[in-house]
Amino acid sequence: MFDIKKPENIIYQRPRAFTEVSTHYCPGCTHGVAHRLIAEVLDEMKLTEKTIGVAPVGCAVFAYNYFNTDFVEAAHGRAPAMATGIKRVMPDRFVFTYQGDGDLASIGMAEIMHAAGRGENITVIFINNAIYGMTGGQMAPTTLPGQKTTSSPRGRDVELQGYPLRMSEMIAKMDGASYVVRRSLHDPANIRKAKKAIRTAFEAQVHGLGFSMVELLSTCPTNWGITPVESLKWLEEHMIPVYPLVDCKVSSAVGDMRF
Amino acid sequence: MQKEILIAGFGGQGVLFAGQVLAYAAMDLGREVTWIPSYGPEMRGGTANCTVVIADEEIGSPLVENPPAAILLNLPSYDKYEPLMQKGGVLVVNASMVDRGPKRADIITICVAANEIAEEIGDRKLTNMVAVGALLACLPEISLGALKAALKNHLPERHHKLLPSNYAALQRGYETALEQTGIAAGTGIR
Amino acid sequence: MTKELIKGNVAMAEAAVRAGLEAYFGYPITPQTEVLEHLARRMPELGRAFVQAESEVAAINMVYGAACTGVRVMTTSSSPGVSLMQEGLSYIAGTEIPAVLINVMRGGPGLGNIAPAQSDYYQAVHGGGHGDYHPIVLAPSSVQEAIDLTVLSFDLAEKYRNLVFILADGSVGQMMEPAELPEMRPLIRKDWDWAVNGKGGKRERRILTSIYIDPPAEEQANYRMQKTWQTIQKNEVRYKEYYLDDAEYVVVGFGTAGRVALSAVRAMRHNGVKVGLLRPVALSPYPFEVIDELASRAKAFLVVEMNQGQMLSDVQLAVKGRVPVEFYGRPGGMVPFPEQILKELKRITSTDLKIVSDPRVAWLERMTA
Chain A
1 MFDIKKPENI IYQRPRAFTE VSTHYCPGCT HGVAHRLIAE VLDEMKLTEK TIGVAPVGCA
61 VFAYNYFNTD FVEAAHGRAP AMATGIKRVM PDRFVFTYQG DGDLASIGMA EIMHAAGRGE
121 NITVIFINNA IYGMTGGQMA PTTLPGQKTT SSPRGRDVEL QGYPLRMSEM IAKMDGASYV
181 VRRSLHDPAN IRKAKKAIRT AFEAQVHGLG FSMVELLSTC PTNWGITPVE SLKWLEEHMI
241 PVYPLVDCKV SSAVGDMRF
Chain B
260 MQKEILIAGF GGQGVLFAGQ VLAYAAMDLG REVTWIPSYG PEMRGGTANC TVVIADEEIG
320 SPLVENPPAA ILLNLPSYDK YEPLMQKGGV LVVNASMVDR GPKRADIITI CVAANEIAEE
380 IGDRKLTNMV AVGALLACLP EISLGALKAA LKNHLPERHH KLLPSNYAAL QRGYETALEQ
440 TGIAAGTGIR
Chain C
450 MTKELIKGNV AMAEAAVRAG LEAYFGYPIT PQTEVLEHLA RRMPELGRAF VQAESEVAAI
510 NMVYGAACTG VRVMTTSSSP GVSLMQEGLS YIAGTEIPAV LINVMRGGPG LGNIAPAQSD
570 YYQAVHGGGH GDYHPIVLAP SSVQEAIDLT VLSFDLAEKY RNLVFILADG SVGQMMEPAE
630 LPEMRPLIRK DWDWAVNGKG GKRERRILTS IYIDPPAEEQ ANYRMQKTWQ TIQKNEVRYK
690 EYYLDDAEYV VVGFGTAGRV ALSAVRAMRH NGVKVGLLRP VALSPYPFEV IDELASRAKA
750 FLVVEMNQGQ MLSDVQLAVK GRVPVEFYGR PGGMVPFPEQ ILKELKRITS TDLKIVSDPR
810 VAWLERMTA
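So the sequence lines, in the order shown, correspond to chains A, B and C.
According to the working numbering, the stretch in the first sequence is residues 1 to 259, in order.
According to the working numbering, the stretch in the second sequence is residues 260 to 449, in order.
According to the working numbering, the stretch in the third sequence is residues 450 to 818, in order.
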């Protein structure tokens, strides 16, 4: 008989880089997927003992509860500055930030751009779900033209509210950035690609190659007002055309890495 | 004992350095001393000034409204500070940069053509040292020898080749002041 | 060690280096820029961290990050820049970790000017960022004191896991005086039981945060911070007395205003009038008990500040209306001359003063007459 408890039969379990608690995220939200990918890569690279994570303000404010690593909690948008302070005094530790689109692309625009410009040897996981989650569904800098939110109730009017910001493309222009890519979490194939990108970004830091960032297109069924399954479809149909899944920057040093 | 010295002129005339040299000399003599530059509103328009206070005890105010001693290297600072001088004070004015004589009869005014003297010695940048030399003639708190020693002690080694010309500038200013005032060397007493 | 003639800003920077500063994050602003410039050279040559941040907002958050690791870290700025830092300062306070800030104050409000001022007293001592917290605030009046207090600030910050501010004004930053720097202290990285620096396979994970999402937990955190503050109030009151033993009139002033007042007090003593000076060195905690005692035997107080009367409120709090408290202030980047304070002292010691609730009213009338 098939014994599921035998170690050789285990094909899926809680990563060791996770704590044994349930997350607070809404059903169908892809934060959980993003967290898991990070934890799996931390395990694979044996980084948990030397990792210091920097949590954002936003839905992921409690990220520090879920990772079994040291963690600090930044002010809104300031995670890259806080990570800079940590990394500069402890260059041999592994430092990553986890930031949403309001945090990174709005209030924290200066901090993210200058961290990239300085080539800070940190990794940023950027969750783009085109909306403010924690405050209840307001317009984000990444909100799509025409997208309805509580602060753009008639749909984002580009004449009045401007256009979505493509952060990865902007940051890729910076000489200090070594690896900047956009991936999506809307189906298994893309999730696998996302994990590979996270691994590459983490390796870039471990190899001392400077600033790395992975933008992950994510869903927010609660604030989008549709079901989780519809959300995955909406992401694919509406977000990817605006935010193409591309390698915005892979420096030659990153390309040459072997791991 | 406490003596306040105000030094003012255009930026680039060595105003701040002249004050620092006086401060170094006072420090080497074991005195309490403060040096404070104007970096505020007065800086605009290209004027610079600093105040040096030399004392025997803990110094209170680093600034003084009516200075008993001053070096004024240009006309705007002459016009501004001459009226503020303490009665009986000593004012060294750079005659090369002003077109008028003293308005105050109750202070000692020493007019030194500091630019010309500096140029004769070979470097226009020595204007400030000529003026400092002139003030020393009337400043019993710091002797010419003490000031020369301070220059040597605190000027970085790589600038020591400039010492002879600085000494010459101090000396020329000092002698000019003595001639003009009839003061007995180093006493400040006429 | 021998004394050297050294500028206040450079002295504070070098004192911090010698006290074991491991990381500095700052942004240029007059009149404190020499601190940043000195450290731009010194820190890299010692293999320590220096970053010129993109803004004061970023600088204080870099400080926040480095402080979480337990190293000695500092930033410096001047009034408008310190306003930008208030967010980060509140977070650092709420996280209960040590950090040092030097504010070389200038004239305000707004862009104001770059001349010396003391108008950030309220911001530093009574407010600043959001939430309940109390930084330790030290106010030097000379270059030597600036050095000594800078060294002390790191010890106090670590001892209480608390913010320490050096509240200097532009004069202290720009002034040169003979002073003695401390010996270079070897860098000792302490293994604090709270620092976030990677588990290293040795311990459970640690989290540093200022968030307590459950109000009862935040309430407990606030009680803990208040307890720390009360301990600080017991232990860290610092002040300097001049001619107070038999003083009938008491001048109270801090920093540059305090030392300018000293000149006026001496002049009054020279004339045989019993005037003394209290110069608070710590503004937070404030020497309330000292003033309380002085109020029981003095005829009147004169508070001298380079602002519109901020510390004045704390003096009034301690005097409790028992004797008149008069005010002389020069706001906007003006530094009083001793002669002006002397004039005030002559007025105060020769007139029948009334006890009024707000001495600023009569002060403004005199200043704008």
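Where hints are given, some of them may not hold.
When the alpha-carbon atoms are kept at most 27 Å apart in a straight line, the in silico BS3-like pairs for lysine-lysine are as follows [said to hold, decoys possible]: (1) C:K452 <-> A:K46; (2) A:K46 <-> C:K792; (3) C:K648 <-> A:K196; (4) C:K648 <-> B:K346; (5) B:K407 <-> C:K651; (6) C:K651 <-> C:K723; (7) B:K339 <-> C:K792; (8) B:K262 <-> C:K648; (9) B:K262 <-> C:K795.
Please keep in mind that the hints were generated in silico from the structure rather than gathered at the bench.
Just so you know, these numbers come straight off a predicted model, no measurement behind them.
Against which earlier hints does the structure fall short, listed by number upward?
Going through the list in order, the structure violates hints 1, 2, 4, 5, 6, 8 and respects the others.
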